[in-house]
Every structure is written in structure tokens, then in C-alpha cells.
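**Student:** What follows is each chain in one-letter form.
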Amino acid sequence: MRFMMMMIPKMVYPGPEAGPPDAEAMESMGRYNDQLRKAGVLLAVDGLHAPAKGVRATFRGGKATVMDGPFSEAKEVVGGYWMIQVASKEEAVEWVKRCPAMDGDVIELRQVFEMSDFPSENQKSAGPGR
Amino acid sequence: MSHRVAEAVWRMESAKIVGGIARRFGDVGLAEEAAQDALVTALETWPVSGVPDNPGAWLMTVAQRVALDRVRRDKVLARKYDKIGRDLVPEGAVQEDWDLGNGDVLALMFVACHPVLSSEARVTLTLRLVGGLTVEQIARAFLVPAATIAQRILRAKRVLAAAKVPFELPIPEELTDRLSSVLEVIYLIFNEGYSATAGDDLMRPELCEDASRLGRVLAGLAPSQSEVHGLVALMELQSSRTAARTGQGGELVPLLVQDRSRWDPLLIGRGLAALDAAEKLPGPLGPYGLQAAITACHARAPTADDTDWERIAALYEALVQLQPSPIVELNRAVAVGKAYGAEAGLEIIDALASDPVLANYHLLPSVRGDLLVELGRHEEARREFKKAAALTRNRQERDFLMARSRNEGSSPG
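The listed protein sequences correspond, in order, to chains W and B.
Following this note's numbering, the numbering of the first sequence begins with 1 at its first residue and continues without gaps.
Following this note's numbering, the numbering of the second sequence begins with 1 at its first residue and continues without gaps.
Errors might be hidden in some of the hints.
Here are the simulated lysine-lysine pairs, DSBU-like style, with alpha carbons at most 35 Å apart [claimed, not checked]: (1) K10(W) with K89(W); (2) K38(W) with K280(B); (3) K16(B) with K97(W); (4) K53(W) with K38(W).
Simulated from the structure, these hints should not be mistaken for laboratory data.
All chains, please: the whole structure from these sequences, using the hints.
**Tutor:** See below:
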């Protein structure tokens, strides 16, 4: 089973007046990611650039309207994600609990649909084989 | 509810717990029992007292206590315990290669896959001690009763004890063979999940995932070993095709006609990265690395027609040098046929015709039939497909081959 863990940090992308990133916090997160790797469960991990650098597209009538960030309406901003492969939701939750997140951080855990959850309509029926 | 949490924590922690206790007390059997007792205690007390904040530490503490109690009560064990306290790394071994922080888990993998054990015992013990599966989970995976698995574990522990297998990393001279055994066990588990061997299930993806996980763990513990990365690459790449392998009727879809939009790009990326890691290490690729490189050729081709058959043929040639098997040679014939024309492929097939290993292997006449079709020799091709149909025990395959034996080469309506 695959799960995506989405980090919704309390302190999102502090502005220019904030000091340098907390080295200890980064090291701590690095160690956590190492634990995930060593356990053989980490499939992917990425951090995302600030919303200010991003873009939002809203759709109407097949047309997209694109706006540059930042997005004042956005209450929750995803800062990064992990994709893990585990045997149960309980296992995924255990990993979430171990994340060295900071006060006020939120991690949302959602199961990933497997491709095999969607049976193929058009699978070529070419008979058995290896 | 919390029994599932206990099982999840078990899966995450058991290898470290069993490994840690095995090293401390020098006895894998004792470690397994102590760890099992700790799990049972967790299953009993956590529903009442709640899941502890640090469940791994809780399990380790209880397991150690159980082990100590047992040692105190058993004079034989106590004597053994007195002798322990030495390093995991035997004299003369090169330390840099091993992630000694997790040396316990690595030593556990080597012991669970010890050559003194039967293949079946190694698989069972590895899933139990390193994979953190419960007896019931292993039983379900192999479609046998739980009691059978419990017996296998018991016997395996006795064999290890009788052979006085020490809990330590192999000495450098034995490393290649011992590592080979570990890789073989992991790939056996993967194949058990990947191919139909029993029952109606074509695949048991959980077993594939368990094997992939064990491979990745090993890659982290032994990063300088090319074949470990090779095996990980092979498993990631094969796994990437899971969703495309089964047709609507539950039949297996051959690789060359699979819907490639159902191949998983994430796993392909991981597989190619692992292959890259293997290739970057000194020395040529070993058998797993070569098999991974072959399957990577398929993974890289956007369509079947884009396949680099020449490269595949060359890789099979290298593989057959390391693993001279008629089956590898048969696969080479297919690749050569695609790369250099059916005549070239036929030459290799005909040289194999008298090999006793392939005498009853339906794929030999089946491949021969394919090549003959390409050369327009339809009458001969139909005879080959009929021969192949008679040799296969799989009903779907037989029907498919019989159909080809009737229709191949007949003019389209």
C-alpha cells in the first residue's frame, strides 16, 4: 500500500526578515528521512518552493485563468511530501507519528490509489505468456 | 484496533530487536522467542493500557527482560551468555563496508539465510525475523497452515543451533557466497509473489513489496555491493509492470503487448537509479545487475517497437557467460531474433534442440514457432505450436497455443 504524507507547516516560508533555517531542525528531519530509507519504505520525498514563486490556475468553461502567488486565500499550504510503501494504514500512522515536526505543524496522510485499483478497459487480450 | 498497531510496530522494529538480542546473547533462537513473547505481551496489554509513546523501545525492553530471565533459568544458555560480548565483525574483516550502526540487522539477514538451512527454511526465517511478518501473515502468503510455518521456524532454529552458527557477519572470504544466499532468498520471496505458483492468485503483491523492502534495507546496509543494487533494480523494474501484467480475464499479458501507460514511472525511476548505482561500483555487473539491465531496456522503450534488442542480446550474451543455462540461452535467442532477424535466432534455438533440460519446456517450441512465422514457414510453425501446447500444463496457455497452431499463417478473411 502506498501513502502520501503531506507536510502542512505552521510556519510557512518565513519572510526575508526571518533568520537562517534552523540547522538542528533540518538535521533532525534528515535523520528521519534516513530512517525511512533504511527501513526500505521511502519511495519519494520532496520539498516544494514557496507559494510566492508558484502559480494558481482556476478553470471555467474549459479555460484556465492563471495567477501568480502568493495566494492570500490559501489557509493551508503544503510544504513538502513523502510517499511511503507500507503494509497497513497503522504502519503509515506510526511513521507519521515519528516525524520530528515542529509545534503547530500538521501532516495529512492519504492513501495513494494503485494503478491496479483501476482495471484496464482496453487491456489487449493477447493470451497468456510470461 | 491496537493489535494492528502492534503488528505494524512489529514490522518496523522486530529485525532490530531480534538482532540486538541475538548479538547480546549470541543466540538467534532465544532472541526470536523473547521477541515473540514481547509481541504477545503487547497484544495483551496495549488494548488496555494504550499504545506506549515509544512502542519500539517498549518491545525491546520487554524482550530483553524475557531473554535475561530465560538465561538465568537455563544453565546451558547462561554458560553461552558468559562467552558473549565480542564484536559482530570478525577479525580481519574490512569494517568500512558495513553500516555497523545497523550491524545487528545485517548479521541477522546473513544468519537467517545461512546455507546450512533449506531454501524453504531460509525464506520463512527471513520473513519472520527480518521482515517482521507474523506466523499467520507468512502462512497466508504461502497458502499453508500457520502450524506448518511454526514448525518450519522451530526446525530452522534447531538446525542453526545444532550447526552452532555464530551470530556474526561473514568473514571476507565467505562474503560473496553468503551474500549470494541472501539475495537468492529475497528474490525467491519476490518471485513467489510475482508468478502464479499456487491457487488462483496470479500475483501476491504484498510478497513483492516485502521482498522489495528487504532489498532496499540490504542496499542501505551494504551499499558497496553491486549485486545488491542490481537485485533492487530488478525488483523495482519488475514491480513497475504489475498493473499491466493481468488482463481482464485474469490472464497474464506478455510484456511486449502490455499497455505501457500502466507501467509505474515512479518505480521505473527507482529501478533505473538502483541500476545506475550498481553500474557505478567497480567491476562488471553480476547476474542480478545484468537481468536488471535487460529489463531496464524494456522500461526505457516507450513502445515495444522502440526496444533496443541489440543491447538486450548483448546483455544476454554476458549473462550466459555468468549463468550458462539453456533458459538464458533461449531468451538470448528471442533477443537475437528480434535484433538480427529470425534466421539468427533460429540458429541458437536449433543448437538448443537437444538440450535435455528443455526437453519438456513448452517455450522452446513456442519460440521456435514464432521465429518460423516470421520466416513465412507457417506449416512448420503450426506444428511447433501444437507441440508447445501439448507440453504446457497451464490451461490458458494451452488454449492460446492451440489457437495459434490452427490459425497461424491462414489467410486473413
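**Student:** Verify the proposed pairing of K38(W) with K280(B), using a straight-line Cα cut of 35 Å.
**Tutor:** Given that 35 Å is the threshold and the Cα spacing comes to 21 Å, the pair holds.
**Student:** Run the distance test for K53(W) versus K38(W): straight-line Cα separation, threshold 35 Å.
**Tutor:** It holds: about 33 Å lies between the C-alpha atoms, which stays within 35 Å.
**Student:** Holds or violated: K10(W) and K89(W), Cα atoms, limit 35 Å.
**Tutor:** Between K10(W) and K89(W) the Cα gap is close to 25 Å, so the pair holds against 35 Å.
**Student:** Straight-line Cα separation of K16(B) and K97(W) no greater than 35 Å?
**Tutor:** Distance ~19 Å between K16(B) and K97(W) Cα, so the pair holds.
The structure agrees with every numbered hint stated previously.
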